[in-house]
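J.: Fit chain R to the given chain B structure using the hints.
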Amino acid sequence: MVYRGLPLDEVEDLLPQSAAYRQAGRILFAEPVSTTGRPLTPLHAGHVGLLACSGLLNGIFGHNDERHISFWQAVKVVDKTEEEDGVITVREKERFSNELTVVFSTGQVAILK
Amino acid sequence: MKNAHERFGVLEYTKRMKDTTTRIRLRLDRFIGEVESEGTCKAHLISVLGGDSDVGTIWAAVVEQNLFTVEAPGIDSITVSLGEGAQCFRGTINIAGRRPVRHLVAISTELAKTRPGTDPEGKRTVLCDSDPTFVLYRIAQRYELPVVPEWATWFNEELTRRGMIQAIVGLGCSPVLVRGSKKVFLKWIGRGLRQNRIAFPVSNGPVCWSLASSFFRVDESDHEEGSSPDGIRPACPISNGGITTGGS
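Chains B and R, in that order, are what the protein sequence lines are. Per this note's numbering, numbering of the first sequence is gapless, rising by one per residue and ending at 113. Per this note's numbering, numbering of the second sequence is gapless, rising by one per residue and ending at 1248.
One chain only, chain B, in its complex shape (with noise of 0.2 Å):
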């Protein structure tokens, strides 16, 4: 008995280095951004201002009852308007905006837009 059809076997260990799930893996599984390194010289406000708009720099800060972990995401924000003059003409615009979600130590919780 001959087999002839895919070498199934093969395929499978070879499956996750495809392109297909290399691209579908990012909805996937969405894997964490890690951004390591030193800078060359020391940030000013305005990079770690960036940097933390970006989602770069989540993690946990602060003392005592002001501890927290903040959350940094750009997110689209997709904004609709109606327009009516005899038809009615939807116009959509897409643009990115960045929100801050905090979770404090005592159990507060705020979304900053």
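A couple of the hints might just be wrong.
Stated by the list, open to error - Lysine to aspartate or glutamate pairs mimicking DMTMM-like chemistry, simulated, CA-CA at most 25 Å apart:
| no. | chain 1 | residue 1 | chain 2 | residue 2 |
| --- | --- | --- | --- | --- |
| 1 | B | 76 | R | 1121 |
| 2 | R | 1183 | B | 66 |
| 3 | R | 1183 | B | 99 |
| 4 | B | 113 | B | 99 |
| 5 | R | 1113 | R | 1158 |
| 6 | R | 1182 | B | 31 |
| 7 | R | 1182 | R | 1150 |
Stated by the list, open to error - Listed next, the stretches of chain B that the computed footprint assigns to chain R, with coverage defined by at least 3 CB atoms under 8 Å from CB atoms of chain R:
| no. | region |
| --- | --- |
| 8 | 28-37 |
| 9 | 43-52 |
The set of hints was computed from the structure by calculation and includes no laboratory data. Everything numeric in this text was worked out from a predicted model, so none of it was measured. Built from N, CA and C at the ideal position, the CB exists for glycine as well.
T.: Structure of chain R alone, referenced to chain B:
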């Protein structure tokens, strides 16, 4: 890994036209589906392998929202559709001495919306793995929740206690459906901290996740029974994505 044929399923697509019927059967290595009613199922992920033209046909059928039949170990024959706006990703697997094998991964709109920042208002999250740390990580990424990995067990217990996590049909993975919104999850976290059921880590710093997704891990123990000891594969009705065309 040996005996992959015992782990793979079959995806069948039948296209009936005026005077011909085309039937395509492809190997299915991963599948996530949600049973809607008896016999019908909403597919969230299909991953199929085959020849160039067969995979192209399946891609077209996904775009046209056509129905497929899925058969797999542990899954009875079900009819599935990916619905509107499914996303397709194609790749090629090269094996020495053979023609390349085409690979297609199709993802439903609902699963695609679990990508971070895409649909933060959604209340249903389909996940490809049931590992508590992975579930917490993906939920946190989707809803921007400030959490730490140490809370994964607590979060999983809360989901189970409130019946907001449900296992769904899966091939080669253990998918779950998590119900709940950002508002609900933040309320749980706030209450958990106030009631000392969860606590902050001792030191300040970045939150590091060590994710051990079992999506590509093959469980050998499931298929030891019935496997050929000499590694000979039994006769398989599916050749390289066989197409059968005949009069209707």
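J.: So, for every hint listed, does it hold in this structure?
T.: Against the structure, the hints:
1. B:76 - R:1121: The hint holds at about 11 Å.
2. R:1183 - B:66: This hinted pair holds, its Cα atoms lying about 22 Å apart.
3. R:1183 - B:99: Cα-Cα ~14 Å, so holds.
4. B:113 - B:99: holds, 5 Å
5. R:1113 - R:1158: holds, 23 Å
6. R:1182 - B:31: Holds: residue 1182 of chain R and residue 31 of chain B sit about 20 Å apart, inside 25 Å.
7. R:1182 - R:1150: holds, 19 Å
8. 28-37: holds (count 5)
9. 43-52: violated (count 0)
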